[in-house]
Amino acid sequence: MQRLKPVDVVIAGGGWVGLAMAKEIATRTSLSVLVLERGPARRLKDYAAGMDEVDYALRFKMMQNLAEETTTHRHSIGQTAAPIRQYGSFNPGTGVGGAGEHWGGLAYRYLPDQFRLATMLREKHGTRLPADLLVQDWGVTYDELEPYYWQAEQMMGIGGKAGNLRGQIVEGGNPFEGPRSHEFPNPPHKPTWLVSRFNQAARELGYHPFPTPAATLSQTYRNPDGVTRSGCAYCGYCLRYGCMIGAKAQPTNTLLPVLTGRKNFTLRTGCNVRRIAHREGTATGVTYIGESGVEIEQPAHVVILGSWTLNNCRLLLLSKIGEPYDPATGKGTLGRNLTHQVGTATPIFFERPLNAFMGAGALGATLADFDGDRNLDPSMGILRGGQIRVTSGGEAPIGSFGRIPPGETEASWGSAWKKAALKWWDHASSITSEAEHLAYRQNYIDLDPTYTDKFGDPLARLTLDWTDHERRQAEMTIQVQAKVGKAMGARIGNPARRVAGRYSTVEYQSSHVSGGVVAGTSPENSVLNPWMQHWSIPNLWVVGASGFPQNSSGNPTMTILAMAYRSADVMIKRYFKRPGSMA
Amino acid sequence: MRRREFLVIPARSLGGVLLYTLAREPIRLYAQESPQKGTLRVPLRFFTADEAKIVTAACERIFPADDSGPGATEAGVVIYIDRQLAGPYGRDQYRYTKGPWVQSVAEHGNQDKATPREIYREGIGSLGGFTELPAGEQDGKLHAIEKTAFFQLLRRHTIEGMFSDPLHGGNAEMIGWQLIGYPGPRMSYREEIGQDSGEAWRRKPVSLAESLGHAVSGMEEEQ
Chain A
1 MQRLKPVDVV
11 IAGGGWVGLA
21 MAKEIATRTS
31 LSVLVLERGP
41 ARRLKDYAAG
51 MDEVDYALRF
61 KMMQNLAEET
71 TTHRHSIGQT
81 AAPIRQYGSF
91 NPGTGVGGAG
101 EHWGGLAYRY
111 LPDQFRLATM
121 LREKHGTRLP
131 ADLLVQDWGV
141 TYDELEPYYW
151 QAEQMMGIGG
161 KAGNLRGQIV
171 EGGNPFEGPR
181 SHEFPNPPHK
191 PTWLVSRFNQ
201 AARELGYHPF
211 PTPAATLSQT
221 YRNPDGVTRS
231 GCAYCGYCLR
241 YGCMIGAKAQ
251 PTNTLLPVLT
261 GRKNFTLRTG
271 CNVRRIAHRE
281 GTATGVTYIG
291 ESGVEIEQPA
301 HVVILGSWTL
311 NNCRLLLLSK
321 IGEPYDPATG
331 KGTLGRNLTH
341 QVGTATPIFF
351 ERPLNAFMGA
361 GALGATLADF
371 DGDRNLDPSM
381 GILRGGQIRV
391 TSGGEAPIGS
401 FGRIPPGETE
411 ASWGSAWKKA
421 ALKWWDHASS
431 ITSEAEHLAY
441 RQNYIDLDPT
451 YTDKFGDPLA
461 RLTLDWTDHE
471 RRQAEMTIQV
481 QAKVGKAMGA
491 RIGNPARRVA
501 GRYSTVEYQS
511 SHVSGGVVAG
521 TSPENSVLNP
531 WMQHWSIPNL
541 WVVGASGFPQ
551 NSSGNPTMTI
561 LAMAYRSADV
571 MIKRYFKRPG
581 SMA
Chain B
1 MRRREFLVIP
11 ARSLGGVLLY
21 TLAREPIRLY
31 AQESPQKGTL
41 RVPLRFFTAD
51 EAKIVTAACE
61 RIFPADDSGP
71 GATEAGVVIY
81 IDRQLAGPYG
91 RDQYRYTKGP
101 WVQSVAEHGN
111 QDKATPREIY
121 REGIGSLGGF
131 TELPAGEQDG
141 KLHAIEKTAF
151 FQLLRRHTIE
161 GMFSDPLHGG
171 NAEMIGWQLI
181 GYPGPRMSYR
191 EEIGQDSGEA
201 WRRKPVSLAE
211 SLGHAVSGME
221 EEQ
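Heads up: the protein sequence lines correspond to chains A and B, in order.
Mapping to this note's numbering: the first sequence position 264 is 264, numbers consecutive.
Mapping to this note's numbering: the second sequence position 190 is 190, numbers consecutive.
Derived from the structure by calculation, the hints contain no laboratory data.
Glycine residues also receive a C-beta, built at the ideal position from the N, C-alpha and C atoms.
There's no promise every hint is true.
[As the list claims (entries may be wrong)] Computed Cβ-Cβ distance ranges for the label pairs, DEER-style:
{"#": "1", "chain 1": "A", "residue 1": "Gln442", "chain 2": "B", "residue 2": "Lys204", "range": "55 to 61 Å"}
{"#": "2", "chain 1": "B", "residue 1": "Gly198", "chain 2": "A", "residue 2": "Val506", "range": "36 to 42 Å"}
{"#": "3", "chain 1": "A", "residue 1": "Pro147", "chain 2": "B", "residue 2": "Lys204", "range": "47 to 53 Å"}
{"#": "4", "chain 1": "A", "residue 1": "Phe455", "chain 2": "B", "residue 2": "Arg156", "range": "31 to 37 Å"}
{"#": "5", "chain 1": "A", "residue 1": "Arg502", "chain 2": "B", "residue 2": "Arg156", "range": "23 to 29 Å"}
Just chain A, with the same shape it has in the complex (with noise of 0.2 Å):
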C-alpha cells in the first residue's frame, strides 16, 4: 500500500457537508484539508448539455452506478435481503458535489420541537407511546442552530418569506415555523397558476400556505463570501439535474470558488474511501482506491466523514469503529434509528394547460398546518404529520405522458390511451407531502452477510419497514391532498399509496434516508457527541443526515448544512486549540 505525507483533515466525500466543512477549515486556519471525491470532477460548463431526460432522470447520470455499489434491503430479521438492483426509492449522488448537484433545492429548517422531540412526546402522550418507538433528543436546540441555518441561507442565496421574524409572525410567511433572525437574503420566486391557485384554495380551506423556501435564486445575487450567481431561467431542468446558469445553489458554484487555488486545500476525485485508519481510541487517516485502482494510505490528524447517509454508516461498520446495534438487545449504537419519510402524492387534474415544462425545482407553495404534532386529531393516532405542497418543479415529455384522470380510458397502451394521454398531457400536476417517519427499534443498517461491491466488501443491509404509524400518516396527508386540490378545481386522481403497504425500494420516495451514525446525548444512545463528534474517537467527526436520530418533514439539506457548519464552527473555535471531547 502506498503510503503519502499527512495532512491535517482528511474529508471522506465532496459534496455539501465535505465541501463546507473544508471551505470554513481552509479559509478560516492554516490547516491543510484534503477532500476525497469517488466520483468525478464536475464544473459549470459541463452542465450546459445536460438537458437530456433520458440520460439525467430516467438512466440516473449524475447518481452512483450501482454496478458498482448498492444496498439491500428486508424487512425484518430473519428475512434474507435483496439488493436493490436498479434505483428505486432513493437515489444518492456521485461525484463532485455530490447529490448537492441534482436536488430540487427545497431549502426548508426543521421545526424548533424536531430536536427535543422525545421529551416532548413523552411531556404530551407520557406511557402511551409505542413500545418499539426510539425517538430521541439531538442534544442541540433550534435556538442554538438558528445562526447556522442563517449561514447556510445566505450561502445559498435562499428565497422565502418569512413567517416568524423573531417572534413576531410576519403575515405570508410560515406561521408555525421557529423563529428567523433575519427575513430570506431573497424573495421568494413569483407564483405559477398553480401556486396562486393553491394558496388561494388553501387560504379558503383557513390554512396558511406559504412561499417553498427555494435555493434556486430569484435574482441575482452575491453572498458573504463574494460568489456571484445568476437569478433562475426556469428552465425546468433542475430536479436530477445540475444548474448550467449556477442559478441553484450547488456545492460547485458556491463553496467550490471559494475553495479553489487555495493552496491549503487539496480535491481528490476518483477517490473511493474504504476504510478508516484507527488505533487505541485515535483515527489515523483513511485507506482509499484511487483513480489508478492502487490502493492508497492518507494519514491525517483528523478524519471527517462527509459522505452519503448510508455510506458514512458502511465506513465506521467496515472500519470496526463502535459496536453494531443489535435490535434483539438494544446493545451498541451503531446503525440503529435508521429512517426516510412518508411520502405521498395526489394527482390533480385541470381543464386547462399548465405550461408546467416552466419551472424551478423549489418554485412552489407549502402549507405546514398539519406538520408536527399540529392539528391532529387524536382519533387519528398519529404522533407527528407532514408537511403539504405543490411544485411547479419543471416537468420533462417522457416522465410527464401518460397521466390521465381516473374514469378516462382503462387502456394502458393503444389509440385510446394515445387520445386520452395527449388529452391530458400538461394538464395534470400533483400535491405532496413527506412526513416524518419516527424512529423504531426494528429499522436499522448493518453489513450484508452476501453482497458485496465492486471491491468485494459487504454492502450495507437496511432492516425497514414501515408501521401502521406511518400508514396513517400517509393517509391523513393523502385525506388533506384531496382536499385542497377539490378546492383549486382539479379532477383528483388516485393517489399515490407508497406507504400503504409494507417499505417499497421500487418506487422514489425522496433521497432523504437518515439515521445509522446517530448524535444524541449520552454514548447509551448515540454514536456521536451533539457536536458530530464521535463519542469515543475525538478526532472523527460524522457529519451529516447519517447524524439524525429520526427523520422530519420536508427536506433535510439545510439542516444538514447547520449542523456541518455548527461543526465546523466548534473545531475551529475550540477542538483544534484543544483536542478532545467537545461533549
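Got chain A sorted already, so can you dock chain B onto it with the hints?
Frame of chain A; chain B shown alone:
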C-alpha cells in the same frame, strides 16, 4: 463481428412537420426542400432487420398513428430502442448484477438476471409472424403478453422513443414534441414564468443541439 443489418424504411415515413386543420385534425407535411425521398438505410446496432420490423410493428400498436396524429413509426422509436439496447443500458451496466440471484418479494423490484437485450431477444422470439397479422390480431398478441417484462419494457421504451431528445435516435424531427406541444429544452422562460394567461405556450420545438449550437452525445454512445 455480426453482419451489418439495416432498417430500410421509406424516408417519408419518418419525422415531418405537423400542422393542424381548423377542425384540429393533424396533417404531417415536409419542408419543400426536404431531401427525404426514396428509402433510408439506418444501420442497426443491436436488432437484426427482421427483429427491427417486429419491434416497429409492436411499437406502432402501442403508440399508433391515428386521427390524433403520428405514432411510433413516424418518430423512429425503433431506432431509439436499438441504440439504447446496443449501449451500456442494454447490457445492464447501470444495474447491480452480482449474485446470488434470488427471487424476492414484489417490493424489491426486478431481481431477474436477464438484461434488457436478453429480455428483448426472448420477447421478440415470442412474436413470430407478428408483422403479417392484421392490427386487431396484433393487439390480441400484445394483450396476451401484457404482464411480461418484455412488454412492460417495450411500452416504456416506446414512450421514451416518442419524446426523447432526437439526439437519442427517436422523436424524429421532434414529431413527438410537435404532437404534444412540448417546446424542447430552452435556456430561459424568465419572461414567461408567472405570466400565465391560461393559454398553452406552444412554440416550434428546439432540440438540445439546436438550443446549444452544437451536437450532444448520449450515454448510449459510451462503451
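Within 36 to 42 Å: is that where the Cβ-Cβ distance between Gly198(B) and Val506(A) falls?
Cβ of Gly198(B) to Cβ of Val506(A): about 37 Å, so the range 36 to 42 Å holds.
Lying within 47 to 53 Å: is that true of the beta-carbon distance Pro147(A) to Lys204(B)?
Distance hint for Pro147(A), Lys204(B) holds at roughly 51 Å.
Gln442(A) and Lys204(B), beta-carbon distance inside 55 to 61 Å?
56 Å, holds
Could you check the hint for me, namely that Phe455(A) and Arg156(B) are 31 to 37 Å apart, CB to CB?
33 Å, holds
Cβ separation of Arg502(A) and Arg156(B), checked against the hinted range 23 to 29 Å
24 Å, holds
Every hint, counting from the list given before, is met by this structure.
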